[in-house]
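Build the complex: two chains, separate frames, hints provided.
Top line first, the protein sequences correspond to chains B and E. Convert by adding 285 to the 1-based position in the first sequence; the result is the number in the numbering used here. Convert by adding 18 to the 1-based position in the second sequence; the result is the number in the numbering used here.
Quick caveat, the hints were computed from the structure, so don't treat them as lab data. Nothing here was measured: the structure is a model prediction, and the numbers come from that model. A couple of the hints might just be wrong.
In the SDA-like style, the derived pairs of lysine to any residue whose C-alpha atoms are separated by at most 25 Å in a straight line are [as the list claims (entries may be wrong)]:
hint, chain 1, residue 1, chain 2, residue 2
1, B, Lys369, E, Arg228
2, B, Lys369, B, Asp416
3, B, Lys369, E, Met172
Covered by chain B, according to a simulated footprint, are these stretches of chain E (three or more residues, beta-carbon under 8 Å) [stated by the list, open to error]:
hint, stretch
4, 35–46
5, 248–259
Backbone N, C-alpha and C define an ideal beta-carbon position, used for all residues, glycine too.
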Amino acid sequence: MSLAELVRERSLLVCVGPGGVGKTTLGASLALAAATQGRRVAVITIDPARRLADALGLDGLDDALRPVPGVGPGSLDAAMLDTKASYDALIDRITDDPRARRRILDNRVYQSFSRTLARSHAYVAMERLHDVLQEGAHDLVVLDTPPTRSALDILDAPGRLVRFLDERVLAAFIGEPAGGAGAWIRAKGAEVALRLFGAMVGDALMRELAGFFEVFFHLRRGFAERASTVVAHLSASETGFVLVTAPQATHLADAAYLRDGLLARGAPLEAVLFNRAFHPDAEGRPIGPGPAWSPEAEVDALDLPDGERASARRVLSAARALRGELAVANRAFDDAMRRFAAAAGPRVHARLRLPILDEEPATLDALTSLLERASAL
Amino acid sequence: MSVPDPLEARLSFFTGKGGVGKSTVVAALALEARRRRRRPLVVELGHRASMQAVFGVPDVGHAPREVAPGVFATNIDLDEALRDYVADHVPVRALASRIAKSPSLARFFEAAPAVGEVLTLQRLEQLLAEVDEAGRPRFDPILVDFDATGHALMFLELPRVFEGLVTSGPIRRLLDGFAALLSDDERTRLHLVTLPGRLPVQETLELYERIRTEHAVRLGALFVNRVPAPPLPPDAADLLAPLRARIAPDTPAGRDLALLALEHERYRRLRAQIARLEAVALPRVELPLVRGAVGVEALAELGRIARGAA
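In isolation and in its complexed conformation, chain E is listed as follows (with noise of 0.2 Å):
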C-alpha cells in the first residue's frame, strides 16, 4: 500500500497503548512538517511532560512554546482552559470574573464529570481557530498527543455521552462542531501507534477494530514503532549456525555470535508480529528502532521516515 502523506491533515490524533512511543512519533512529524515550512503545533493532554523530555526544554505550559525552531507545543492546563471558557460565554466581564473566582464553582468543575474534556475540546477549537498578522492559521498542522487508549476512545465518545443531555447551548455547539470534526474526512485523521510485540500488536488488532466499527473518525496511519535492522544480511544468515559451530563457544568471537543468533531469532519473531497487523487495512509505516536516547537529530530523521520521504 503507498503511504499517504500522514501530515496532510489539518488535526492529527495519535493513539495506543501506553509506551509505544507516541511522543516519539508525534515530536518526529512535528519535526518533518517544519521543515516542509508548516507551523506544527503538538498538544499534549493529562499534564504529561513528554515534549519537555523530548526536546529537553524546561517547561511546556498552557500558552504554545517553541520546544524547537518553528516547533510548538502545548499542554492544556485545565483551570486556565476554564477562565477562557468562562470568559469566552459570559458576556459581562463583571460576572465572568465572579465565576471564575468562585471557589464553590471551582471545586464543582474540578470534580464535575467530563468538564476536564469538554474544556479540552474548547481549547482545541480555540488554537484551530487561530490565525497570524497574515491571516492564516496560527498552527497548521496540530498534532494532538493522547496519553492512553482509553483517554483517546473517551474523547471519541464524548458527543455520545452528551447525546440527548445536552439539547442546546454553547457546550451543544462544541460538541456538535467536535462531532463534526471527527467526521470530517479532509481535516482529522486519526492515527495508531504501536510496537511490534505480541501484546502492543494484539491490542491494536482489537483497537482497530474498535474504531473502525463503532467511530466514523476517518483513520490515517498505523505507525510500527522501534523497528530494529535486520543483525544480519539474509544472505549470509545461512552461515550464521556454521559459523557458530566452528567457533568455540567460549572465545570472545563466540560468545558475541552468540548474542548475535539471539538477535536473529528476536528479529524473525518481531517480524512474525509485524505480518499479523496486515488485519489493519492501513497504510503501515515501520520506524527504525534508535537505542539509547533520541536526539533531536534522530527524531528529525525518523520524521523524514515517518513521511514516507526517506
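In isolation and in its complexed conformation, chain B is listed as follows (with noise of 0.2 Å):
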C-alpha cells in the first residue's frame, strides 16, 4: 500500500522510530494529511517541539485531545502524552476516595514513576490509546512513540504489564493474601526475597514502595484487560507501522533494532520513511552529479578584467565542487537506505525519502508540503 492509501484507509498508525529523526513531526503531517481528505483524526504525540506544539494548538498544559484549528475538510484533534498528567488523570478516574487519591499522588515512587521513567510511559500509552480508541470518535488514531528501544514495549504488552502487576509480588509487597494456597507458598518466597531488599534500601523506601504496588494492585484487572483491547487493535488488518528514520549511520543501527523488533512481533511494518535524506536543490529535487564544465572555460567566456579573473575562478570552482560534494553524499545516503529497506520486509511497499530541510516544519501548511516533497527510494 502507498504512504497516500494508508492515509486513506488504516485507523490506526503507530509511528517508530530512533530519536532526532523528525518523527513526531512526520506523525503530524501524516495525521494532518488525513485530515485533509477528509478523515477524523486524533494524533496524540510525545514531547513535541515547542514550534510544533504551537502549531497544533497544544499549550502542554494537559494532555487533552483538542482540536487543531484550521484544518478541514475533515478534522484534527491533537494531544501530547504527558506521562504525569496522564497517570494522575488515570488515578482520577479510578479512585473515588479523594483522601486516597491525594495518598497515591503524594507517594514519592508513585511521583517519580509517573514522571520520570520511559518504561513506564508503554503503559500510560495503551491507557490513553485504548481511551480513544474505546470513544470511536475518530476514523484514525496516529500514535507518536518514545524515542528510544523502549517503543517496542508498546507491542509487548500485556504479558509485560502482566508481569509488573504479578499479583504474587505486589501481594507480598502489600501483605495482603494472593488467594489459594500455592499462591501463598510462592508468595513466602517472593517475601523473603523482598526482605533481602528492604534490608537494601532501608524502611522508608519500603513504605514508600508498598505504597505505590498497593495502587497497582488494584488497578492490575483493569489494566490487563485494557492491555488486551489494544493489543488486538495493534494486531489487526486496520493497523499499520511506520518507522521513521534518518540515513545517518547511528540512526539506521537503532532503526534496524525497531524494524527487526517489529518483523519478530510480527508487527504490520508498512512503511519506511526516511527523513533529511537528501540535499534538496531550489527545485526540492535530490542534488545529482550534473553535467561536466569547466571554470576556467566560464572565466574566459566573461571576458573579466585581470584583476577580477582569479576570484571568480575561485568562486565556479566551489560551485562545481559543493555540487560534487552533495551529489556524492546522496548517492551515499541511498546506498544505505536501499540497504535498509531491504530488510524491511514485505509488507513495506511505501519507502519514502524527505528532503534536508534548513528549517524544522512548524506550521500546518509547512507540515502539508513536507509529505509533497517526499520522493519514492
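Pasting the structure below:
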C-alpha cells in the first residue's frame, strides 16, 4: 500500500523510530494529510518541539485531545502525551475517595515513576490509546512512540504489563494474601527476597514502595483487560506501523533494531520514511552529479578584467565542487537506505525519502508540504 | 575563551537532544584519548547500538569490548548489573544465587521505579574502580553517552528523588557516592552537544540554564557538531551575485552557482545560530561537518579537533 493509501484507509498508524529524526513531526504530517482528505483524525504526540506544539495548538498544560484550528474538510484533534498528567488523570478516574487519591499522588515512588521513567510510558500510552479507540470518535488515530528502543514495549504488552502487576510480588509487598495455597507458598518465596531487598534500601523506601504497589494491586485487572483490547487493535488489519529514520549510520542502527523487533513480533510494518535523506536543489529535487563544465572556460567567456579573473575562478570552482560533494553525499545516503529497506519485510511498499530542510516544519502549511516533497526511494 | 582539555576529567558525561551526534563526538574523543596513550571506555545506556554502528563491530554488550585498537566500549545490561549487584551485596552465596534466580524478584526489579538507574550507577562505580595488573585504573577516561536529554537529567536528579527515602544501607552509600562524584570538580564533567540549528540551539540554551541553576555538576565544553566549512572564501563572496547576473541560470555553471548561493545563505543563517550560543558561558568547540559516512579516520580527525589540538 502506498503512503497515501495508508493514510486514507488505516484506522491506527503507529510511528516508531530513533530520537532526533523528526518522527513526531512526520506523525503530525500524516495525521494532517488524512484530515485534509476528510477523515476525523486524532494524533497523540510525545514531547513535540515547542513550535510544533504551537502549530497544533497544544499548550502543554494537560494531555487532553483538542481540535487543531484551521483543518478541513475533515478534523484533527491533537494531544501531547504527558506521562505524569496522564497518570494523574488515570488515578483520578479510578479512585473515588479523595483521601486515597491524595495518598497516591503524594507517594514519592509514584511521583518518580509517573514523571521520569521512560518505561512507564508504555503503560500510559496504552491507557490513552485505549480511551481514544473506545470513544470511537475518530476514523484514524496516529500514535507517536518514545524515541528509544522501549517503543517496542507497547507490543510486548500485555505480557509485560501483567508481569509487572504480578499478584504474588504485589501481594508480598503489601501484605495481602494473593489467594490459594500455592500462591501463598510462592508469595513466601517473594517475601524472603523482598526482606533482603528491604535491608538494602531501608524502611522508608519500602514503605513508599508498598504504597505504590498498593495502587497497582487494585489497578491490575483493568490494566490487563485494557491492554488486551489495545493489543488486539495493534495486530488488527486496519493498523499499520510506520518506521521513521534518517540515513546516518547511528540512526539506521537504532532503526534496524526497531525494524527487526517489529518484524519478529509480527507487527504490520507498512512504511519506512527516511527523513532528512537528501540534499535538495532549489526545486526540491535530489542533487545529482550534473554535467561537467570548466570554471576556466566560463571565466574566459566572461571577458573579465585581469584583477577579477582569479577570484571568479575560485567562486566557480567552489560552485562545481559543492555540487560534486552534495551529489556524492546523496548517493551514499541512497545506498545506505536501500540496504536498510531491503530488510524491511514484504509488507513495506511505501519507502519514501524526504529532503534535508533548513527549518523544521512548524506550521500546518509546512507540515502539509513536507509529505508532498517526499519521493520514492 | 581558550579550550581546556575535555579529556582531563576521569569521568565525562555527554548530553544533548536526540540526533545531534553525541555518539560521534564521544567516539571521536575516545580515539583521541587513545592516541594520547590513555585507556578510554565508552559507556552506552538504554540498549543503544551506536558504538556498534560507529566502529562497525558486531556486538557491544555488558562486558567492555575493544571496538578499535585500545578503545573499549560497553552497553550496560540491567540483568547482568543486577546479578553483579546482588552478588556484591548478599554475603551468603546460596542466598545470592536464590535471589538472582527468583522470578518474582526479577519481575519486581524489571518494573520497580529507578532500579535500572541505581543499577547503572552501581555499574559505573564498578568500572571506575577497576584496575589493571599494574594497579592503574583499567579505564581512563570513561565517557558516558546518555541517549537523550531527559535521561541525563533523570540521572542528575537521582540523589534528589531518593532524598529522605533511602536513609541507610548500600543504596544510600551508592547515592551518596554518586552525589559526591557529580559535584567533584576534579573527576567529573558534563559536556553538552548541539547542532547549529534553531531548535537544537534553543534547547541547548534552556538545558544549560537548567543544569547551571539546578545541579552541582561541573559543566565541561559545549560541542557544536556538524558545522560546515564556509562554502565561499570571504573575499570572494562579493563576486557571487555579479557572476550569477552574467552567467545564464539554465547552464550547468548557472545551476551550480545557484546551489552555491543557497549554501552561502544557509551558512550565514547557521553562523547566526552559533552566535546565539554566546549566552552559554562554556568553552565552545566547533566540529566540522563530515558529509556521508563518518569512517574511523574521520572520527580520529574530529577527535583531534574536539580536544583542541588540531
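Each hint tested on the structure:
A distance of roughly 20 Å separates the Cα atoms of Lys369 of chain B and Arg228 of chain E; the hinted pair therefore holds under the 25 Å criterion. Between the alpha carbons of Lys369 of chain B and Asp416 of chain B the distance comes to roughly 17 Å, so the proposed pair stays at or under 25 Å and holds. Only pairs whose Cα atoms come within 25 Å are accepted, and Lys369 of chain B paired with Met172 of chain E is accepted, the gap being roughly 14 Å. A count of 7 residues in the stretch 35–46 of chain E with a Cβ less than 8 Å from any Cβ of chain B is obtained; the coverage claim is therefore met, three being the minimum.
Interface restraint, the stretch 248–259 of chain E with chain B: holds (7 residues with C-beta to C-beta distance below 8 Å; minimum three).
The structure meets every hint from the earlier list without exception.
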